[in-house]
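**Q** The residues making up each chain are set out below.
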Amino acid sequence: MNNTWIKYGVYFVLIVLIQGLVVDNIQINEYLNPMIYPIMIMMLPFELGVTVTMLVAVILGLSVDMFSNTFGLNASAALVIGYLRPGILNLIKPRDGYDTVLLPTIHDMGKLWFLTYASILLFIHHLWFFVIEILRFDQFFHIVLKALFSIVFSLALIILFQYIFYKPSKK
Amino acid sequence: MRNLIQFLRKFRDFLIFFILQVIVLTLFFNSKNYHRARMANTSSAFIGWFVEKKHNITKHFGLEEANEALLEENARLRALLPESYYHLQGDLFYVNDTLKKQQFQYIPATVIDAKYTKRNNYFTLNQGSNQGVEKGMGVISSQGVIGIVTDVSKHFAIVMTVLSDKIRVNVKLKKNNEYWLLNWDGIDNEYGQIQEVKRDIPLEIGDEVVTRGGATKFPEGIPVGNIAEIVKKEGEQTISLRIKLAVNYNAVYNVYIVKNLMQQEQLKLESRIEEDE
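Protein chains in written order, with our numbering: chain B, 24 to 194; chain P, 813 to 1089.
For the record, the hints were derived by calculation from the structure and aren't laboratory data. Quantities reported herein were computed from a predicted structural model and do not represent experimental measurements. Backbone N, C-alpha and C fix where the C-beta goes; we use that ideal spot for every residue, glycine too. It is possible that part of the hints are untrue.
[To be verified] Capping the alpha-carbon separation at 30 Å, the derived lysine-lysine pairs in DSS-like fashion look like this:
| no. | chain 1 | residue 1 | chain 2 | residue 2 |
| --- | --- | --- | --- | --- |
| 1 | P | K1010 | P | K978 |
| 2 | B | K30 | P | K865 |
| 3 | B | K116 | P | K1056 |
| 4 | P | K966 | P | K1044 |
| 5 | B | K30 | P | K866 |
| 6 | P | K913 | P | K1071 |
| 7 | P | K1056 | P | K966 |
| 8 | P | K866 | B | K190 |
| 9 | P | K1045 | P | K984 |
| 10 | P | K912 | P | K866 |
| 11 | P | K966 | P | K1080 |
| 12 | P | K1044 | P | K987 |
[What the hints assert, rightly or not] Label pairs and their in silico Cβ distance ranges:
| no. | chain 1 | residue 1 | chain 2 | residue 2 | range |
| --- | --- | --- | --- | --- | --- |
| 13 | B | L168 | P | Q943 | 35 to 43 Å |
| 14 | P | N879 | B | I143 | 43 to 51 Å |
| 15 | P | V1043 | B | L125 | 41 to 49 Å |
| 16 | B | L71 | P | I1085 | 57 to 65 Å |
| 17 | P | V1043 | B | P68 | 51 to 59 Å |
| 18 | B | Y31 | P | V834 | 25 to 33 Å |
| 19 | B | L158 | P | L882 | 51 to 59 Å |
| 20 | P | S941 | B | I143 | 42 to 50 Å |
| 21 | P | G1033 | B | L178 | 44 to 52 Å |
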């Protein structure tokens, strides 16, 4: 148990630093605003309660916010997916439920399941993020476009991150 | 009974979500307001350390452009030196000038972190209160206006750039001193907007827009941009302008923080007027 917490702690610091120092500075144009840190919330164990997930999400979001000078924006978007995650996991549950030995990674759950899972969470996260950030209804088309392009970029980064830092769990 | 407990549990989760959401959103909307912003950000010693380390690695990528910008500015300033003028009446340049008193000083700084594709874009500078930087000071580069300092720590300062939704820059048309407020709609980081321009002003594409001065933050006449498009809508009393910004925010390496030596005096005087009213 202790070991697991240390492992998640290391991931947390690593992800915040990668987001704050590297991914935040990939600034190609206004439509590409990639974010890798939602992976931290995605990778939490299946059975983790919603309250703890929300707390992790808020602390994660605020840490990322410190680097991007948007205090509260990332926290707000992370909180939304933290709150909705258990419901979404329930929605896309495999026929015989989740094996608690496994983690929600691409290695353990397969490509199709992971893509569905990550796309849903990223879609909610990015859309919420840009709506709150821009908050102008006359630019709704701009917001949706921005979210869609960014999702594709974020998804690619998240999959890359998984192949670099995660190994299949031992059954 | 079981349904009721389940409902209450769900309701409790939603309540926690709602309360946390209200807290973080309040933080966010306060952080955008530069009069009140006092948040943990890249000016803090801890985060600033990381950002500076990152800058130490990445600064070499932009060195050539940074040097070119500095050279260009040096050439322009050199042309203004007394040595560059042909002396028609030699003595005139050496009279001690008692008509003019220095109002602005400039603190040079390096941009160690720059955002330019977000809705609200901030720069982090490597100068802080130890070097005399204060909240509310204007920041310019050799190309034009950059923004306003919103937060300072001992060694770092945060600048809210013109590319933000809360900022309004006092600008005027260079040729006839007509003045307006410039803002940014968040879509293209090369263009700013000016609304509510009277129809009877003679305007041409390419007319230069500069800072108005007088609002204590920027000296008069710092370039802001050029008129790129004049937008006229049927049935509206006023027109709006699209301004091609003078500064290329993707490539800002060295900036100057404007220190207004007469700011206190002006603000004190202005606040006295308000009290009287």
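**Q** For every hint, state whether the structure bears it out.
**A** Here is how each hint holds up against the structure:
1. Proximity of K1010(P) to K978(P) is assessed by CA-CA distance (about 23 Å); at most 30 Å being required, the pair is judged to hold.
2. For the hint linking K30(B) to K865(P), the alpha-carbon distance of about 25 Å falls within 30 Å, and the restraint holds.
3. About 52 Å separates the Cα atoms of K116(B) and K1056(P), which puts this hinted pair outside 30 Å; it is violated.
4. About 48 Å separates the Cα atoms of K966(P) and K1044(P), which puts this hinted pair outside 30 Å; it is violated.
5. Proximity of K30(B) to K866(P) is assessed by CA-CA distance (about 25 Å); at most 30 Å being required, the pair is judged to hold.
6. Pair hint K913(P) plus K1071(P) holds up; C-alpha atoms about 14 Å apart against a cutoff of 30 Å.
7. Distance restraint check for K1056(P) and K966(P): the Cα-Cα separation of roughly 35 Å exceeds the 30 Å cut-off, and the hinted pair is therefore not satisfied.
8. Annotation: proposed proximity of K866(P) to K190(B) holds, straight-line Cα distance about 29 Å (limit 30 Å).
9. About 22 Å separates the Cα atoms of K1045(P) and K984(P), which keeps this hinted pair within 30 Å; it holds.
10. Distance restraint check for K912(P) and K866(P): the Cα-Cα separation of roughly 43 Å exceeds the 30 Å cut-off, and the hinted pair is therefore not satisfied.
11. Our distance criterion of 30 Å between C-alpha atoms is met by K966(P) and K1080(P), whose separation comes to about 26 Å.
12. Between K1044(P) and K987(P) the alpha-carbon distance is near 21 Å, which keeps this suggested pair within the 30 Å criterion.
13. Remark: the range hint 35 to 43 Å for L168(B) to Q943(P) is upheld by a beta-carbon distance near 42 Å.
14. Restraint check, N879(P) to I143(B): a C-beta distance of roughly 48 Å satisfies the suggested window 43 to 51 Å.
15. The hint said 41 to 49 Å for the Cβ distance between V1043(P) and L125(B), and at roughly 57 Å that hint is violated.
16. For the pair L71(B) and I1085(P), the beta carbons lie near 60 Å from each other, so the given range of 57 to 65 Å is met.
17. Look at V1043(P) against P68(B): about 54 Å separates their beta carbons, and that is inside 51 to 59 Å.
18. Take Y31(B) and V834(P): their Cβ atoms lie about 27 Å apart, and the range 25 to 33 Å holds.
19. Between L158(B) and L882(P) the beta carbon distance is about 38 Å. The supplied range of 51 to 59 Å is therefore violated.
20. Take S941(P) and I143(B): their Cβ atoms lie about 46 Å apart, and the range 42 to 50 Å holds.
21. Checked against the hint of 44 to 52 Å, the C-beta distance between G1033(P) and L178(B) comes to roughly 48 Å, which is consistent with it.
Checked against the numbered hints above, the structure violates hints 3, 4, 7, 10, 15, 19; every other hint is satisfied.
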